[in-house]
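Chains as they are written, first to last, in my numbering: chain W, 7 to 549; chain S, 7 to 534; chain X, 3 to 379.
Calculated from the structure, these hints are not laboratory results.
For each residue, glycine too, the CB sits at the ideal point set by N, CA and C.
Mixed in with the good hints, there may be bad ones.
Said to hold, decoys possible - Facing chain X, according to a computed beta carbon distance under 7 Å, are these residues of chain W, among others:
1) A41
2) H330
3) C480
4) A484
5) R495
6) G528
As the list claims (entries may be wrong) - Per label pair, the in silico range of CB-to-CB distance:
7) S:R214 x X:V233: 52 to 58 Å
8) X:S83 x W:P430: 46 to 52 Å
9) X:G97 x W:G414: 56 to 62 Å
10) W:E134 x X:N149: 28 to 34 Å
11) W:E163 x X:S31: 32 to 38 Å
12) S:T137 x W:A277: 52 to 58 Å
13) X:D337 x S:D384: 47 to 53 Å
14) X:S83 x W:E402: 36 to 42 Å
15) W:G441 x X:G140: 35 to 41 Å
16) W:E163 x X:R84: 38 to 44 Å
17) X:V317 x S:P269: 53 to 59 Å
18) X:G36 x S:T382: 29 to 35 Å
Claimed, not checked - Under the rule of at most 27 Å between Cα atoms (straight-line distance), these lysine-lysine pairs were calculated in the DSS-like manner:
19) X:K161 x W:K42
20) X:K244 x X:K232
21) S:K237 x X:K341
22) X:K338 x S:K266
23) X:K244 x X:K161
24) S:K106 x S:K400
25) X:K232 x X:K161
26) W:K331 x W:K198
27) X:K341 x S:K266
28) S:K361 x S:K400
29) X:K338 x S:K237
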Amino acid sequence: MKIHRMHDEPRRREEDRLRLLPAFDAAGGLRPGAAKVVSDATGVPEATAYGVASFYHLLARPDVDVRVCTGLSCRMAGADAALSALQRGGAAVEGCACLGQCDRAPAALQTDPGGGGHFTPLQARRSEAAAAGAGQGAEVWTLAPYGAPHLTPDDAELAINLAGADDLSWAALAQARVEGADAVLQKVDDAKLRGRGGAGFPAGFKWRAVARNADRDPVVICNADEGEPGTFKDREVMAQRPHLMLEGMAIAAHAVGASELVIYLRAEFKAPREALLAAIASARAAGHLDGLSVELALGHGAYICGEETALLEALEGRRGMPRHKPPFPTDSGYLGRPTLMNNVETFACIPAIVRRGGAWFAGLGAGDASGTKLYPISGDVARPGVYELPLGASFETLLAAAGGVTGGALLAFSPGGASSGLLPASMADIALDFGPLQEAGSMLGSAGVVVLNDTRDPLAATLTRARFFREESCGQCAPCRVGTQVLVRLLERMQAAVAAGEALSDSDRAALERVSWQMEEGSICGLGQAAPIPVKHLLRWFT
Amino acid sequence: MTNSIGEIRNADCLFVIGSNTTEAHPVLAMEMKRAVLRGAKLIVADPRRIWLAGMADHYLQLNPGTDVALLNGMAHTIIAEGLTDPAFIAQHTEGFEAVKAQVAPWTPERASAVCGVPADDIRAAARLYATTYKAGIYYTLGITEHTHGTDNVYGLSNLVLMTGHLGRESSGMNPLRGQNNVQGANDAGASPIYFPGYQRVVDDDARRRFEAAWGVALDDQPGLNLNQMMKEIRTGGVRGLFVMGEDILVSEPNLNELEKAMPNLEALIVQDIFLNLTAQRADVVFPAACFAEKDGTFTNSERRVQRVREAVAPPGQARPDWQILVDLTARVGYTGNVGMTPSDIYDEMAGLCDKFAGISYARIEAEGGLQWPCPTPDHPGTRFLHREGPLRGKAQFIPVDFRPSVELPDPAWPLLLCTGRTLYHYNAATQTRRDQGVVDKQSACFVEVHPEDASRLGLDDQERVEVRTRRGAIEAAVRLTTRVAPGRIWLPMHFAEARANLLTVDAGDGVTGTAEYKVCAAQLNRLD
Amino acid sequence: MPDDVPPGPFPGSAAAPARAAGDGLATLSVVIDGTQVHAAPGETLLQAARRAGVTIPTLCHDERLAPTGACRMCLVESSDSRRMVPACRHPVAEGLEVVTDSARVHRHRQSLLSLYAADAPEGVKPGTELDRHMRTYGLEPGLPQVNAPREGRPDDDNKYVLFQPESCILCARCTRYCDEVEAVAAITLAERGSATTIATADNVSLLDSTCELCGGCIDTCPTGALVERKVAHRQDTFPSLKPVRTTCNYCGVGCQFDLQVDPAANQVVRVTSPAPGTTTNDGNLCVKGRFAYGFIGHPERLTEPLIRDASGELVPTDWDTALQRAADLLTGVRDKFGKDTLGFISSSRCTNEENYLVQKLARAAFGTNNCHQCAAT
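In isolation and in its complexed conformation, chain W is listed as follows (with noise of 0.2 Å):
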């Protein structure tokens, strides 16, 4: 006769809620058993726990050796192939959403020995010699390190300048506490800059509301949960300037009157990490981070946390569901204090914007948008890298630095991240900023561009992002959890109906209007809003 468990699990308080997602890490992921060690250890209940772990990828499936990238530019560049082929070697393999190293297509991440949340990414390599060998059909890949990334030459004059050298003498924090909260809250309005995580909200806005709030304990939180498909310069700020970021969210800190800093960072990125961790003990060293508490945090594989509540909700142990608002995190975000988030590249402009003035930095832009921009661009082109034009650069000149198409002519590109959806190469000339794109139906965002060539076939590539969406739905709402099945549903359909040489149907097309009309309509975040763009795009410029 079984005995079951009886009545005496007691609901405890949750008196370590936040240390929830490290502890999973400490304990291998979410194995079985893991639920109850990490509720013991932090009084969360144990299903809770549970339930929490199992909404991260990275905790959920502990066992996976090899992660191979299903992003369009990986795919692009053979991820397909690379994921089957090395999934036939016999390690545990599987897809995953971007891993943001799009320039180093096709994107692994392999888990350390031991795990513990540290990932290496590597880059898939085609080996045409083992591939003779193996036989005719069978392709061989192997996992390799990849290479220096490209980037704009070192220019003084550029906002952030990635090839630059790191300023460790923090002389804008030096002069921003000279000067008081009050002249760097103006500089910011001044610079008129925008945030650069993918909403484009006025950042001196933002600001001045946590500093209206500053008797209530603000904090400080770094967006470097960098997973928006096609986007990778917030982990080239991170590796190549750390300081320079540190230094923007310290003087943030003395602005809004914070005196605690939380960097949320994608687990995926090692070289960031490192870089950070070593700038942090620096900066530490040298007494630039006196008064201030810095925490590094670690993301577990969900994109949706790149969403600013749902990141408050991964901080303080809980699913990334994002929140309703109001109220906005600048009232009531992280533990329901006032909190200021901006991303990384946000925070690397304001160094800059403290040292030559906000109208510098404003005069910086294409006509009317202010400062440089860091554009990422991969897919069909010579030199995926990430380049820092003015604000308001064209498509044509981002091409044009990256050297061009290559494989073919210019079919489409995306402008700005998986929800941007495609241009046609007609719009080639369209300036890459917040106002013209949406002008164009589609997003800046996070101004992730990718390129194809007119050997891609766009339904393909629209559908490689619906996939995206409906893996990486947070799962909270209808409108988006189930709108994004649908979705793919009928784009598959559609897939099927061009391959029989037939057009999509009538009702098919009305079902896409309507479920899309309710996406926008109905979901409670910007992920369900903005998914159906690429297939109203699809609709419109490539059937």
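Got chain W sorted already, so can you dock chains S and X onto it with the hints?
Chains S and X only, in chain W's frame:
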């Protein structure tokens, strides 16, 4: 309960003592959980580390039967630190000075030496309770099932009175009734000392009122309480017994003595829904309808009179208890009930009791349940008592001193045995063991043993073991758990094949006769 | 102790913001569908609308739980937002204009429900909240069915609670109830995206989880995805059962519930709790009240009177014989030993009326006060 269940969620401090609420009153416990999750402070005093202890701000693991010491220590702290409510004491109470003098020597240190709770925890709990405006006390059988149960209750009421936690929302003194209609059975006069509505049988005016209504002369002396009746069966003082809806051969203490005495009865009439152990010994057994097969009312812990309605027909020839009683009463020569329906019976009672006078089936139908006191048909009922001060003039402080339980462990009987209820069964489990889902969860008797004791005695988890006291022995499966402290064991009362009451002592409280189910001395013996 | 202590330190706490706030004074005025409605600060649009008699459909809302706004059913237009807002958690503000019956809102309800239909491979259970909404608001022309990979717990061997993942809409009422009301947090939202499901830790059986089998998850489920396992096979017949409101016969809390009766079979099929906010138990029940009703029609019930025959055996008899035998025995003891050698044990399990009759039997018929019952608290 002085207060209502719905007020618990708004309380800011809950003092739960002698109540394993999540198992014995699960739905009321949900209100407590909501209060705590909302931010209310929780004090739990219980010898066992019960579920609520896990979410408590202060968990006081007192030695069984030492409640008076703990409560006097708390009272001492409240008085010594000036946390009393002098205005309330002056206006609404009598006898404070006597309690003050009584608890003066009961410093938290002295209390701690007796009850085992660290002195600072006693202080902290006392301060929290005394200084929170909406603070309520919740207790049940862990307080009353002792030879000093009445003292325990007085110890609690002293705390309530000295802090003025009476007559306001989400506070008060709240005994949680163990059975569905404990409150109503008392209200209806199933008592050796009270007529319906708590009118004393020795009160001439009350007795004349009932004599006039019933048309017979009534006895003016208190009768025997249950504990006394059980003992009088042994001595021949009780020769005939009528038992409705209770399996006394499971639920009464010290069962071996009672079983031996049962042949002394010349008449045993039982009415029940199952052929329980007592019914198997009866001369006549009446098949009764269960709650789903009859009309009537139950009164819950918060004094709310609610309807019971017939949903299905009784099986076979079974009849509602009220109908059997009407018929039986007529057969023994009293015809005053003939032709009455449950509604008529309630009306007769309400007409004789001012507290219920305003309650009727028609009002319950319309309003969904009424809380007494409800003296008139237009009275809305009473959510919490003593709003305008104590109901009867001034409330009495009653000094109480610590008295140990009657049977404590010694070298021959080294373990302290406590008995109680679990979530998954109910009393003698005649109902719950007839549903497979709860049986799956909890199928057989177990005894909770601390791992230290188990290791000393060489007992494994799940091993069957003999639990023996001076009065009898049963077998149960060992459950290793730190819910019980070392030196103490705990048994559920639900299992007919392992009747906990073969073990318990039948010494009763001096006032209520309630037996000391909660403390006796025992041994655990290996079966091999 | 001072009497002016404020009534509670946590007026706006997350656990019960709506209700706590709703106790305040209605000092604001909003316009809902053209009608002016007074509301208290902190109230939600849903609360104000319901008070004004305006129906806003909901799925993930339960008065006992902190609102999440996740199901999107209650979206309405509000003058302070370009986007439609969830009425269940959007706060009222002075002068707000709210529209709940526009073409946009109506289109939203239809297209949202169409998504729920597309995600219900086995169809929608009749009589459930989701079914009622679909009947009220209608569906758009068919979307392709999706086949979400939601896992159930096929090995869960508990006898009471069955989870049917194909009918789940992930409103999380069950998990929030388990966390916020029963507070045992035995079940959780698990996985994410289309794979999101309701799970226990490591997907163990509810019997091996912290679950206390209260069944509140079943009661709050708006789709019938959670159902009483014993009667899951006849879930389609639930709407035809006859509810009888009565009082639970276990502990002294006095929960009200509805026995759902199949009159033709003279059988209690299931037990449901009244709507939250209507009775003392606020829609809650425990394992015994909700599930342990198997004794009602149990084959071991006593169905005929028994008397002890000459050989000492209990044998069946008729009522007349049994009543007369009992009367003779009791009066015999009285006549032989005196009235005070009779004892009457009444029952705290029986009704007020029955207890009244027992004490009346003792006192009026036999003249003794030897009447008591097992009632220690």
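Are H330 of chain W and chain X close enough, Cβ to Cβ, to be under 7 Å, as the hint says?
-> Where the cut-off is 7 Å and the nearest Cβ of chain X is about 5 Å from H330 of chain W, the hint holds.
Starting from the range 36 to 42 Å, see whether the pair S83 of chain X and E402 of chain W falls in it by beta-carbon distance.
-> Check passed, 39 Å falls within 36 to 42 Å.
Distance restraint evaluation - E134 of chain W, N149 of chain X, Cβ atoms, bounds 28 to 34 Å | About 41 Å separates the Cβ atoms of E134 of chain W and N149 of chain X, which means 28 to 34 Å is violated.
Given pair status - K400 of chain S, K361 of chain S, alpha carbons within 27 Å | holds, 19 Å
Given A41 of chain W was flagged as interface, is its beta-carbon under 7 Å from a beta-carbon of chain X?
-> holds, 4 Å
Please work out if K232 of chain X and K161 of chain X have their alpha carbons no farther apart than 27 Å.
-> holds, 7 Å
Note whether the CB distance of D337 of chain X and D384 of chain S lies within 47 to 53 Å or breaks it.
-> Since D337 of chain X and D384 of chain S have Cβ atoms about 49 Å apart, the given range 47 to 53 Å holds.
Can the restraint linking K244 of chain X and K161 of chain X be considered satisfied, given a maximum Cα separation of 27 Å?
-> Holds. K244 of chain X to K161 of chain X sits at ~24 Å (cutoff 27 Å).
Go ahead and decide if the range 52 to 58 Å is satisfied by the Cβ distance of R214 of chain S to V233 of chain X.
-> The hint (52 to 58 Å, Cβ to Cβ) holds, given that R214 of chain S and V233 of chain X are roughly 55 Å apart.
Go ahead and decide if the range 56 to 62 Å is satisfied by the Cβ distance of G97 of chain X to G414 of chain W.
-> holds, 59 Å
Are the Cα positions of K244 of chain X and K232 of chain X separated by 27 Å at most?
-> holds, 18 Å
Minimum beta-carbon distance criterion (7 Å), R495 of chain W to chain X = Check passed: Cβ of R495 of chain W comes within 4 Å of chain X, closer than 7 Å.
Of the numbered hints given earlier, the model fails hints 8, 10, 11, 17, 18; all others are met.
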